[in-house]
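Participant: Here is what each chain is made of, one letter per residue.
4 protein chains.
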Amino acid sequence: MASTFGKLFKVTTFGESHCKGVGAIVDGCPPKLALTESDIQPQLSRRRPGQSAVSTSRDEKDHVIIQSGTENGLTLGTPISLYVANQDQRPGDYSEMAKIPRPSHADFTYQMKYDIRASSGGGRASARETIGRVCAGAIAEKLLKEYAHVEIVSWVSSVGDIESEAPNLATITRDQVDQTIIRCPDAKAAKSMEKVISKTKDDNDSIGGVVSCVCRNVPVGLGEPIFDKLEALLAQAMMSLPATKGFEIGSGFKGTKMTGSTHNDPFIMKGDRLGTKTNNSGGIQGGISNGEPITFKVAFKPPATIGQEQKTATYSGKETTLAAKGRHDPCVVARAVPIVESMAAIVLADCLLQQRAYL
Amino acid sequence: MASTFGKLFKVTTFGESHCKGVGAIVDGCPPKLALTESDIQPQLSRRRPGQSAVSTSRDEKDHVIIQSGTENGLTLGTPISLYVANQDQRPGDYSEMAKIPRPSHADFTYQMKYDIRASSGGGRASARETIGRVCAGAIAEKLLKEYAHVEIVSWVSSVGDIESEAPNLATITRDQVDQTIIRCPDAKAAKSMEKVISKTKDDNDSIGGVVSCVCRNVPVGLGEPIFDKLEALLAQAMMSLPATKGFEIGSGFKGTKMTGSTHNDPFIMKGDRLGTKTNNSGGIQGGISNGEPITFKVAFKPPATIGQEQKTATYSGKETTLAAKGRHDPCVVARAVPIVESMAAIVLADCLLQQRAYL
Amino acid sequence: MASTFGKLFKVTTFGESHCKGVGAIVDGCPPKLALTESDIQPQLSRRRPGQSAVSTSRDEKDHVIIQSGTENGLTLGTPISLYVANQDQRPGDYSEMAKIPRPSHADFTYQMKYDIRASSGGGRASARETIGRVCAGAIAEKLLKEYAHVEIVSWVSSVGDIESEAPNLATITRDQVDQTIIRCPDAKAAKSMEKVISKTKDDNDSIGGVVSCVCRNVPVGLGEPIFDKLEALLAQAMMSLPATKGFEIGSGFKGTKMTGSTHNDPFIMKGDRLGTKTNNSGGIQGGISNGEPITFKVAFKPPATIGQEQKTATYSGKETTLAAKGRHDPCVVARAVPIVESMAAIVLADCLLQQRAYL
Amino acid sequence: MASTFGKLFKVTTFGESHCKGVGAIVDGCPPKLALTESDIQPQLSRRRPGQSAVSTSRDEKDHVIIQSGTENGLTLGTPISLYVANQDQRPGDYSEMAKIPRPSHADFTYQMKYDIRASSGGGRASARETIGRVCAGAIAEKLLKEYAHVEIVSWVSSVGDIESEAPNLATITRDQVDQTIIRCPDAKAAKSMEKVISKTKDDNDSIGGVVSCVCRNVPVGLGEPIFDKLEALLAQAMMSLPATKGFEIGSGFKGTKMTGSTHNDPFIMKGDRLGTKTNNSGGIQGGISNGEPITFKVAFKPPATIGQEQKTATYSGKETTLAAKGRHDPCVVARAVPIVESMAAIVLADCLLQQRAYL
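As they're listed, the protein sequences go chains A, B, C and D. Numbering-wise (the numbering used here), the first sequence opens with residue 820 and increments by one. Numbering-wise (the numbering used here), the second sequence opens with residue 820 and increments by one. Numbering-wise (the numbering used here), the third sequence opens with residue 820 and increments by one. Numbering-wise (the numbering used here), the fourth sequence opens with residue 820 and increments by one.
Honestly, the hints are just simulated from the structure, not real lab data. Accuracy of the hints is not assured; some may be wrong.
Copies of the same chain look alike in the list, so a pair counts if it fits in one copy or across any two.
[Said to hold, decoys possible] The calculated lysine-lysine pairs, modelled on DSBU-like cross-linking and capped at a C-alpha distance of 35 angstroms, are:
1. Lys961 <-> Lys851
2. Lys1130 <-> Lys1020
3. Lys839 <-> Lys964
4. Lys1014 <-> Lys1073
5. Lys1130 <-> Lys851
6. Lys880 <-> Lys1137
7. Lys1137 <-> Lys826
8. Lys964 <-> Lys918
9. Lys1007 <-> Lys918
10. Lys1010 <-> Lys1020
11. Lys918 <-> Lys880
12. Lys1073 <-> Lys1144
Here chain A stands alone, though its shape is the one from the complex (with noise of 0.2 angstroms):
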C-alpha cells in the first residue's frame, strides 16, 4: 500500500473507516510557517458529509488536532502529525458485505489482493480517507500562499448532463463557489444539479459529475519532467483519489479535435512578463509551468453504492441481489471540491521546494 505522496513535502496518510482515528503526517514542510488547528479547519469542514441545510446536525464531526510539528503556532521543520477520531469505530451490521462484493467497489479487490479486508464500510477504499489529504493539502496552500501568492479554487462544472457555463477563472472565488450546495458557481446550472440529484436520490440511484480547478499565481518553472511533468503529477493525484475515471488539462479530450494554429498558444506580453494569449496548455509546457492559470478538470463515477436493488453475484459466484441500507451521498463531486484543491495544492508545493533547491 503506497500511502506517501511526494518527494519533499512528504504526505503520509492512515486510517480505515471505522479504525480508532484517520489522518496523516506531513514530513518536509519548511518552518517557521505560521499553522494552528484553524488553518486546516475550514476545509476539513468543507469536505464533512451532510454539509447542506437538513444535516448541519452534524456539525461537530471531524475535528483535527496537530500532535506535533509546531510550537507557539509556528512549524518548526518536523514531521506535522495530524489526527481525526473516528465517531464510529466498529459499529453496524455488515453481514450481508461480508459475503457479497459490492458491484464498483473495492470490496472484491481489497479481499483478492490482501485475502483480508476491514469488516465494515469501505475499510481503507473509504471516503474518510481523504480526511488525511485534506489535512495536508492545508498546510500545503499556507505554504503556497506564503511563499507565492497561490490560489486554488475548485468548482462542480457538471453534474450527469447538466454542464455549467465556465466562471471566470481570472476572478473566481471559494466564497462564490459555496454559494450553492453543489457548489457550482454557475447559479442557473446549479439549480438544475440540485434537481438531478434529488430525482436521483428519490431513485435510489446515484449520478457522477466532473470537478473543475484552476491553480493562479503559479510561479512559472514547476514541475519536474520527464517523468514528474506537473501535470503527470496532478494526473496521479487526482485518479489516486476515490471515485475518478478521467483528467483533463487545458483543452483536454476536446484539444484532440482542435488543429495546431487554432489550438497553439501565442506568446503575448502581459505586463512585464511573456505570456500566452490563449492558454489551451492549461498553464503547462513541456511539463513545466509557464504563468498562466493551470486548468484541469477531474472525472467522477456515480457512486457505487446504491440502495436501488442491483443484480449481482456473492463471493463464492452465487447469483444474488443486493440494495444498500441506510443513506448514501447520491453524488459526490460537492464533497469531492476541496479534496480536488487539497491534492493540487500537495502536488504544486512539492514542485515548488523542489524547484527552489535549483534556485
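Mind docking chains B, C and D on chain A? Use the hints.
Facilitator: Only chains B, C and D this time, still in chain A's reference frame:
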C-alpha cells in the same frame, strides 16, 4: 528533472535530441529473463518516424545496444543499460529559435526553469526521449508475458473529429492495428483519418487524436492504494508523455453522465473466476486490478510545431511571426501507439513485482 | 527532514520530546499478520528510561496505541498508525537553553538549519523519537519471525574501557541479556560497567559504550546491491540513531589488520547448506546475506548533557559556562539495546519483502 | 538491485566487469555548471589500477564520454549520461570459478540471490562498478566547489598494523596525498606501508587498511534528520563500497571510551561564526553539519582474491582448494582514496540541494 520511474522495476531515461545518444537504464528487472536486442527492436522500430511508404529511406535508424545486465541472452538481475546513438548530432540552423519560443512548445518553460536549454530541436522535451521508454517497455513486456501472459495492445481511436468503431477488446492484436498506416483497426475510419491528416499536412497544420489501450490477462491484485492506485500510475505514466492532454480509465468522462445503476459492473462467474458483466471500471476497482481487461484512453494534442505562419512574440516580448521550416509530423498518434504500450507495460511490471513481495 | 525509512516496509516517525505525542506509521506491512499492542509493548518497555531498581516508579509510561491498520488482531495490509502520548508536554524552565547551545548536542545545528527549534528538551533530536522506531521494529520482528524465524539479539559489549567477553552468538537470548541492568551478558564485565557508570554519575559526567548485535536465521539473499547493500542499510540505520559514532560489520576495523588468508571465510558444508567456517564477513558478502549470523557493532558516544560545568559560548558567541540541571542518563547503551534490535529488524523486514518480489 | 543513490542529485550506475561498458547517469544536477570530460577524467585516472611506476603501460584505459546532458561545456539540467567502455569484454578462463565460489567474495551470494551470475570476474560486485560512482562524484565536486567551495581530501591512514600520523586537516591536499604511491601523506608511515604490501604480495596474500577523509567548508545545516542524518548517509555511502567493514564519524569507536566532559566540543567564536574548540563530533551534530570539518574513516578488509592456496568447498559442498591465478591487488586502500572522496561528494551535493529547497 525526474528521469526515473518505478519503485522496483525502475526506468531511468537520458538524452536530448541532438546529443551523442539516448537511452535508458532498467534497474530491478528480475534475473534469468531471456533478453536480447531483438526483443526490443520491434517496438523501437514501430515508434520510428517516417514509417509510411514515402519514408522508408530512414529505416536504418535507431538501433538499440544492450550495454550491460545480460549474458548469453539472459538477464543477470543487474542494471540493463540501453543505448541508441543519435544520427543528427548538433546539426542545423536554429538561430531563429534562439530568439522566438515556439508557441505551445517547451522552449519557453525550459528556458525559464533552467536558464539554459539545448540550442537545437526539443532537447529533452523532444520525442526522442521516448526511445528510452520504449526500450524499457519492451523489457517490461517480456517480464509480463513470462510471469503472467499479459497482452497490451494500443490503437488510434480518433483523429480530429473522426472516431473509429471500437475493436473487439478480447482479440485485437498489434498485427491488426498495424494493418493501416494510422494504426486504426477500423479500416473505414482509418481511411478518413489518413485523409484528414493529409489535408492537414497540405495546410502546413497539425491535428490531435486519441490513443486507446487494452491490457489483457492482468492478474487480479495489482496496484498499490492509496497514492499508487493502478489508474493513478497509468495516468501519471501517460500524462508524462509529450503532447498529452487527457486520460480516461474505463468509462472516463462519459461515466460522469451515467447513474450508478447503469455504471456499476455486476459480478458474474466467468469460468472459474468471479468477473464482472460490464467493464465501466476499466479493469480496476479501488485502485487494484480486478482481472477484467484494463482499458484506458490518452488524448494527444495537435503537434505544436507547424509550417503555418503564427503570430507570436520573441523572448523579449517583441511581436513577430514564426513558421517552422522543414518537415514536421502533422499528427503523432500513430507513433504514440507503441509508446503508450511501453508505458503501460512499465507500470504493470512494477506493480506485478510489488505485489509479488506480499504474496 | 527525512522521517521515512524503507522501500516496501516503510516506517515514518513523528514527534518531539514535548509535543502531544510521538509515534510512527508503518506502511507496507503484509496483511494477516497477528498484531496487537501486546506485541509491541515489551520492546517499548525495554527502551524506557529508569528501569533499574531505583526507578521503577516511572513504570506506567509509554503505552502504545494502534490507531489503524489492524482488525480483530490481524493486520489489514493498510498503514499501521502507532501512537504514544507524551507525559510531559511543554513543561519546565528552559530559559538558559534559549541562549546557550549545549555542546555536542543538536541545539546549535537545528537552530542554524531551521532558524527555529523546540524550546524545551531535544525536540526531534530527543531520544523520544526512537519510540516510533521501536514500535515499528516490533512489527518488523513479528514479520521476520513468521516468515523466516529470524532472531535478533543485542547486548552491551563495552562501556568506556570495560569490554565484555563475547557471548555465544548461536544461543544468546534477550532474557540472558536482561539479567543485568546494563544488559551485558558477561556478568563480571557487567559489574565493572555498572561501577564505571555509577562513578561517572557521581562525577556529573557521562560515558560511552558499544552495542553488539547478532541476527540469526536470516535467509540467504537479502540485501540489494549496489547502494542498498545489506551492511550499508544497517550502517545507515544505526548511524541514524542519536549519539552513534561508528559501525562495524563482521571483523570491522580489526579486519583491516588481517591478511586475506586469515580473514577469508572458507566454505564448508553445514548440514545441508553451504556455510562458512569462520564469519569475518559478518554474515554478508557482496552486500547480500550469506546465511551465517549477521554480526555488527555500534559505537555510542558519552551523552552530551552532563551536570558538570562546561566552558562554552552563547549563540551570540559570548563565553559562558553551562551545567545541566536535573537527572541525566550517564550512559545510553543499555537503553540502546532494544533500539538497535528494532532498526535491525526494520532493515531486514524491508530487504525480505524486496527479495520476495524476485523469487 | 538498488543502483540509484540520492534524492535530488541522483546517481544511477550500471555495468559488470566484462560487459560492453560501465558508467552512470546523474539526474538532478543543476543547470549551467561548467562540465566537460576533463573535469571527470582526473579522479577516474586516480582510481585506475596499476598507477605505480611499474604499471604506467596501462595508462590508456578508462576514458569517460559524456553522452548527454551538456552543451557547449555547460550542464543543461538534464540527465548526464557517463560511459566508460570495458577493454576486456568476456575474456579469460573462468571455468574453475564456475564450480568454486571464492571465499569472502560475492560469487556465492549473487548465485544464491539471483540464481545466475556473470561468468567471469566479479560481475556487478567488481571494483569496476565504482567507475560510475567516481564519474558522478567528480560532477558532485564541481557543484560543491561552485556553490560552496567545499574541499574533500582522503588519504590512507593505515595499512595492516601500520598507522600514519594524522595530517593537518585544515591544509592537507590531494597533491600532498599523491606524493606517495600508497597515498599516505606521512612519508615515513608510507614507506612502511609499501614494505608491508610488497611482502604481502610476495606471500600471494592481501592486507587491509583504513581510508580517512576530511570535508572542509561544508556549509552549516546539511543533512536531513531523522533517517538521513548526514553521518547516516555517509555511512551508507561508504559501506556500499566493495570490501568495507566499518565506518567512524569524528571520534568513532575511540569516543566510546571517553567521558562527556572530555568528548563534548565546547563552542567558541571562530572569526565571525560560532564554531567548536574540539571536533570529536566530526563536523556533525544531530545529523546536521555544524560548519567544522567533517571527518570520517572507512575500514577496508584485505581483498578476498589471493594467490595463496585456500581450503574451501565447491558450490555442491565438496572440499577443494583454490588459488587465484593472475595478478591481484594486494591492498585496495590507495585506489579507494578517490572513490571515498567521490561518495562523500555525492552525499554532500545531494544534501546541499535538499537544504537549498528550504532556505
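Participant: Please flag the earlier hints that this structure goes against, numbers listed from lowest up.
Facilitator: 6, 7 and 9
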